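Protein chains: 2
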Amino acid sequence: MTRRRSLPLSKVYGLLEPGPVVLITTAHKGRSNIMTQSWHTMMEFEPPLIGCVISARNYSFDLLQGSRECVFNIPTVELAKQMVGIGNTSGKKLDKFAKFGLTPAAASCVQAPLIEECYANLECKVTDRKLVASYNFFILEVLQAWIKPGIKNPQTLHHRGQGAFMVAGPTIKLTSKMK
Amino acid sequence: MTRRRSLPLSKVYGLLEPGPVVLITTAHKGRSNIMTQSWHTMMEFEPPLIGCVISARNYSFDLLQGSRECVFNIPTVELAKQMVGIGNTSGKKLDKFAKFGLTPAAASCVQAPLIEECYANLECKVTDRKLVASYNFFILEVLQAWIKPGIKNPQTLHHRGQGAFMVAGPTIKLTSKMK
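Just so you know, the protein sequences line up as chains A and B, in that order.
One gets my numbering by counting positions in the first sequence from 1 and adding 11 to each.
One gets my numbering by counting positions in the second sequence from 1 and adding 11 to each.
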């Protein structure tokens with residue numbers, strides 16, 4: 012495994028703004044789970060805030076409500092099969108790490124595990140639940156970010172719906188004053 | 012110009028889930044504006060709800076607060092220069108349609124104009140402002156969606172930060188039970 016490096020929190024937005032599918036890990040009272048998710052947005056640069064929808068129909072909703080913590084793990088195209096398998100199954104009666112051959116690694120700030128095979132991992136705590144009842148919408152603060160060094164153009168996955176996923180293409184550089 | 016077609020609202024999520032940069036148009040009391048934006052997420056399938064951050068520092072914030080309407084226009088790579096120019100300027104003293112050679116077209120449900128050159132347009136009204144004061148976060152309902160037909164793999168732009176934009180690559184198809 013490539014050793015992961017701590018990423019400055021000021022750079023987290025650059026990982027999520029492009030809109031990748033993420034694998035969200037949760038853990039509570041000895042159970043852990045993974046879910047496939049695309050409904051997330053940055054809400055603040057630093058400390059980085061993320062808004063995301065976790066449906067109450069998902070087992071991960073219960074673990075998140077119980078623990079108030081999770082990890083956003085960002086997979087690349089090599090994990091496409093696992094990513095879709097995780098989305099097609101429920102963790103209620105299944106250990107998804109075992110089923111999909113993924114390696115849990117200890118996080119530093121939260122109980123939820125990192126997924127070793129993902130190129131980036133964001134350890135998060137829930138900071139605002141005002142919109143959970145009405146929209147299943149959680150606001151998370153990123154406490155610690157990790158990245159595998161040397162991946163310049165990560166081939167992240169982007170969900171177009173119904174099994175179609177766009178794979179990240181080339182990166183272009185423009186003269187921008189935007190952060 | 013290619014004629015645009017009405018897109019069923021049930022398909023809107025497939026346009027935004029991949030995380031493209033959008034050009035948000037607003038109009039209020041005879042003024043209109045365009046802003047470049049990437050902080051958005053789907054929040055519901057149908058009627059489609061979008062959550063998005065529009066900073067109070069942006070002129071578009073005032074127009075959106077005044078009119079409670081906007082249009083999400085999705086550009087492709089051909090509009091990269093205009094997209095970044097729009098992000099680098101303020102509409103307070105500038106007509107961005109004129110400055111960047113874009114064509115406003117009348118929307119059907121809102122006052123804000125469609126950008127003719129974009130491959131998709133989502134006419135939206137603000138439905139929830141509970142998180143505007145604390146996070147500049149608006150919840151929008153999509154009232155009408157438009158798409159230019161025949162574009163199978165739109166080369167949308169995805170912001171990696173500081174002038175770096177990922178251009179959408181190929182689409183892969185996997186066996187998914189996920190919507």
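Honestly, the hints are just simulated from the structure, not real lab data.
Hints may contain errors.
It does not matter which identical chain is meant; a pair holds if it fits inside one copy or across any two.
Quick list of in silico lysine-lysine cross-link-like pairs, DSSO-like style, CA-CA up to 27 angstroms [as the list claims (entries may be wrong)]:
(1) K184 <-> K163
(2) K40 <-> K163
(3) K188 <-> K163
(4) K92 <-> K163
(5) K159 <-> K136
(6) K22 <-> K104
(7) K163 <-> K103
Nothing here was measured: the structure is a model prediction, and the numbers come from that model.
Hint by hint, here is what the structure shows:
{"no.": "1", "hint": "K184 <-> K163", "in the structure": "both (13 angstroms within a copy, 25 angstroms between copies)"}
{"no.": "2", "hint": "K40 <-> K163", "in the structure": "neither (37 angstroms within a copy, 45 angstroms between copies)"}
{"no.": "3", "hint": "K188 <-> K163", "in the structure": "within (21 angstroms within a copy, 32 angstroms between copies)"}
{"no.": "4", "hint": "K92 <-> K163", "in the structure": "both (22 angstroms within a copy, 23 angstroms between copies)"}
{"no.": "5", "hint": "K159 <-> K136", "in the structure": "within (22 angstroms within a copy, 41 angstroms between copies)"}
{"no.": "6", "hint": "K22 <-> K104", "in the structure": "neither (37 angstroms within a copy, 32 angstroms between copies)"}
{"no.": "7", "hint": "K163 <-> K103", "in the structure": "neither (36 angstroms within a copy, 37 angstroms between copies)"}
Checked against the numbered hints given earlier, the structure breaks hints 2, 6, 7 and satisfies all the rest.
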